[in-house]
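As given, the protein sequences belong to chains A and B, one line each in that order. Sequential numbering from 1 applies to the first sequence in my numbering. Sequential numbering from 1 applies to the second sequence in my numbering.
Calculated directly from the structure, the hints in this document are not laboratory data. All figures in this text were calculated on a predicted structure; none of them were measured in a lab. Backbone N, C-alpha and C define an ideal beta-carbon position, used for all residues, glycine too. Some hints could be false.
Examples of chain B residues lying across from chain A (beta carbon under 10 Å, computed) [what the hints assert, rightly or not]: (1) Ile42; (2) Asn46; (3) Leu49; (4) Thr53; (5) Arg64; (6) Tyr70; (7) Leu145; (8) Tyr192; (9) Thr224; (10) Asp328.
Chain B side only, calculated, beta carbon under 10 Å to chain A, not exhaustive [stated by the list, open to error]: (11) Tyr39; (12) Gly144; (13) Leu174; (14) Phe330.
Here are a few chain A residues that sit away from chain B, every Cβ distance over 10 Å (derived from the structure) [claimed, not checked]: (15) Leu112; (16) Thr147; (17) Thr207.
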Amino acid sequence: MSISHSDPAPSVAALYFDGRSARAHPVTLTLHGHDLHLDGAGLSRIDALPAVRLSEPMGQAARIITFADGAHVEVRDHAALAVLLAASGQRDSTIVRWSFQPRAVLALLAGLLCALWFAWQFGLPWAARQAAPHVPDEVVTALSQQTLAWVDGGVMTASTLDVQRQQSLRSALDAAARVDGQSLTHALMFRSGGAMGANAFALPDGTLIVTDQLVALAGNDDEVLAVLLHELGHARSRHGTRMLLQGSVSALFMAWYLGDVSSLLAMAPTALIQAGYSRDMEREADDFAARMLRRQGLSPALLADMLEKLAAAHDKDAHSPDSLPAWLSSHPDTAERIARLRNGDFMLN
Amino acid sequence: MNNPFDQQAAVPAAGNPFVPPAANPQREPVLFSGRGAEYFGIWIVNLVLTVLTLGIYSAWAKVRRLQYFYRHTTLGGSAFDYHGDPRAILKGRVIGFLLLLAYNLSFQYSPVAGIVVAVVLAAVMPELLRRSLRFRAHNTSWRGLRFAFDGDTRGAYAVFLMWPLITVLSAYLLGPLWHQRLKRYQFDCARYGDTRFAIDAPVAAFYKVYGLALLVVLLGIAGTVALLWPFAAANPVVFMFLPMLLIVLALFVQPYLAARLQNLVWNHTRLGAHRFESTVSARRLYLITLTNLLGIVCTLGLFMPFAQIRVSRYRLGCVTLLCAGAIDDFVAGQSADAAATGEGAADLFDVDIAL
Numbered sequence: 001m002s003i004s005h006s007d008p009a010p011s012v013a014a015l016y017f018d019g020r021s022a023r024a025h026p027v028t029l030t031l032h033g034h035d036l037h038l039d040g041a042g043l044s045r046i047d048a049l050p051a052v053r054l055s056e057p058m059g060q061a062a063r064i065i066t067f068a069d070g071a072h073v074e075v076r077d078h079a080a081l082a083v084l085l086a087a088s089g090q091r092d093s094t095i096v097r098w099s100f101q102p103r104a105v106l107a108l109l110a111g112l113l114c115a116l117w118f119a120w121q122f123g124l125p126w127a128a129r130q131a132a133p134h135v136p137d138e139v140v141t142a143l144s145q146q147t148l149a150w151v152d153g154g155v156m157t158a159s160t161l162d163v164q165r166q167q168s169l170r171s172a173l174d175a176a177a178r179v180d181g182q183s184l185t186h187a188l189m190f191r192s193g194g195a196m197g198a199n200a201f202a203l204p205d206g207t208l209i210v211t212d213q214l215v216a217l218a219g220n221d222d223e224v225l226a227v228l229l230h231e232l233g234h235a236r237s238r239h240g241t242r243m244l245l246q247g248s249v250s251a252l253f254m255a256w257y258l259g260d261v262s263s264l265l266a267m268a269p270t271a272l273i274q275a276g277y278s279r280d281m282e283r284e285a286d287d288f289a290a291r292m293l294r295r296q297g298l299s300p301a302l303l304a305d306m307l308e309k310l311a312a313a314h315d316k317d318a319h320s321p322d323s324l325p326a327w328l329s330s331h332p333d334t335a336e337r338i339a340r341l342r343n344g345d346f347m348l349n
Numbered sequence: 001m002n003n004p005f006d007q008q009a010a011v012p013a014a015g016n017p018f019v020p021p022a023a024n025p026q027r028e029p030v031l032f033s034g035r036g037a038e039y040f041g042i043w044i045v046n047l048v049l050t051v052l053t054l055g056i057y058s059a060w061a062k063v064r065r066l067q068y069f070y071r072h073t074t075l076g077g078s079a080f081d082y083h084g085d086p087r088a089i090l091k092g093r094v095i096g097f098l099l100l101l102a103y104n105l106s107f108q109y110s111p112v113a114g115i116v117v118a119v120v121l122a123a124v125m126p127e128l129l130r131r132s133l134r135f136r137a138h139n140t141s142w143r144g145l146r147f148a149f150d151g152d153t154r155g156a157y158a159v160f161l162m163w164p165l166i167t168v169l170s171a172y173l174l175g176p177l178w179h180q181r182l183k184r185y186q187f188d189c190a191r192y193g194d195t196r197f198a199i200d201a202p203v204a205a206f207y208k209v210y211g212l213a214l215l216v217v218l219l220g221i222a223g224t225v226a227l228l229w230p231f232a233a234a235n236p237v238v239f240m241f242l243p244m245l246l247i248v249l250a251l252f253v254q255p256y257l258a259a260r261l262q263n264l265v266w267n268h269t270r271l272g273a274h275r276f277e278s279t280v281s282a283r284r285l286y287l288i289t290l291t292n293l294l295g296i297v298c299t300l301g302l303f304m305p306f307a308q309i310r311v312s313r314y315r316l317g318c319v320t321l322l323c324a325g326a327i328d329d330f331v332a333g334q335s336a337d338a339a340a341t342g343e344g345a346a347d348l349f350d351v352d353i354a355l
């Protein structure tokens, strides 16, 4: 774009600082072709446009034009500067334009929320599934032992179940926990559930913990076995490790995101995110249990019966949220899982 | 003694050079003109690019954020500016990340390796923090002149290694003393142009601020335990709420500490013959912090940029420069320190580790 000579050259009032003293010099900037002329009382300089640097616009804040030798001018007359910039053909960078256009900001915001939701819903579980088999066994064992120590440190107490019943359950599980003739790594532990009530869960290293209350709730050993096989399914597919990986990454992200204001706040959402296994994981564990039960000549409906009993038992003391086992926390899904097990539309291979 | 509150009744000087400056200082308020809606755009672009680049852009984001805040902060009609090189900041972040990773992994490996890494960390951290202070000061300017920090390595090891150890060994009884020493190191070694900063905040004042905060926390814990005691016999689970109580108390005490410490430090700081006045009210800051938290929780974090602007506007707006004489006379006498030019060579080793 060329400027005709009849137009008055655009000029801007500014304050000049030479970079060697803090004294401010009132000056006028004018554009002549591709040169920026600076004139004030007792000083004048001419700089080629490519040699000067213009700070990005930031609302009403002064814009700063920096010269090659470190001197600079502060411009607060934004309207006049806009005329001068238009004449010079200067254009703000894309990032700067995004920051100050409401439509671009809204679009970015929507894009960010979508990307985060997608990453959390699909990206993170996928990455955790890939990474879980590569977590060293020592780490898995150490994590499991930590959890067991926490459980024994006051959450649960020693089992009062008679030794013969324990032994018969152990041998039933030993017989059932086999895939292709190979015994699956597992250890069965009995505890008195305390506030947790009737419950069973698997630690990442294959340790299964079942409470006396659950054994009492079950009509017979086969029903307990159904639940244990479901938990073994979680352990075998490393669901615990996967949830832990997902939880850690989410926690790290929240800590970084909220860290600016208060790292204390970062704790709350993490607790919500680590609510329990996903619906898919429950389904996978159900399928595994159903398969193993069939192999023992038992019906997968045993697990459905237990799910029903557990849901009913925990509904009774629903006033204490602590008592709800993690694998029942997604409540509407329980009915669907029961129907699925009874109808036999699980994957059998 | 330099008690800044003696000056509160002073009327602004009408630029009369014959009035003794200390008796009648010219008041130059610090003004902050940032706006939440405006900063939101910068914040969201920074956030998106940081997420997309897996954190690498965060260094550039920090520069843009600081430039927004600095350029909206004006004193005597001129804005502050930030000149940090994003690459130096990125370097600092990579170093910080690696140190943290090494520290966490080594303890998984073996306790001996963990202790070795911890010792190495303790040995290099003070020097890294000293360089960060220098980086921050050197990259801050007002009216074309840079601030500077020339604290020595010995002082850094004293305030970042020796005093923390003493504090822990004394069961945190000497914590306020450490804080005073830290502020002395930060301010006594700082200068603007060729004028030095100096601080004379007494240790007793630090003890008073921390003592009151501690008293509130202890009373809060005692009160809650007394309240929970009758229920604890029936169900010991209620004591699981104690950590949550500590978080609430921390949220309660943090604005108080921030307000009182800012006043304490700036009311005892001098820049040459000039002094500062800071009048942050703990109650006002508490209200701002509380409403900010509510806003952030209700908007899942989107209120964050507005919250940062609100806090900055209040805290910066409470600071006034008490200029001994006309500000124009002061600035006219300021020139870049000759030694400052030598700092260009040190840029190669500059890092910025977030404190």
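inquiry  = Hints numbered earlier in the text: which of these fail when held up against the supplied structure?
reply    = 4, 9, 13 and 15
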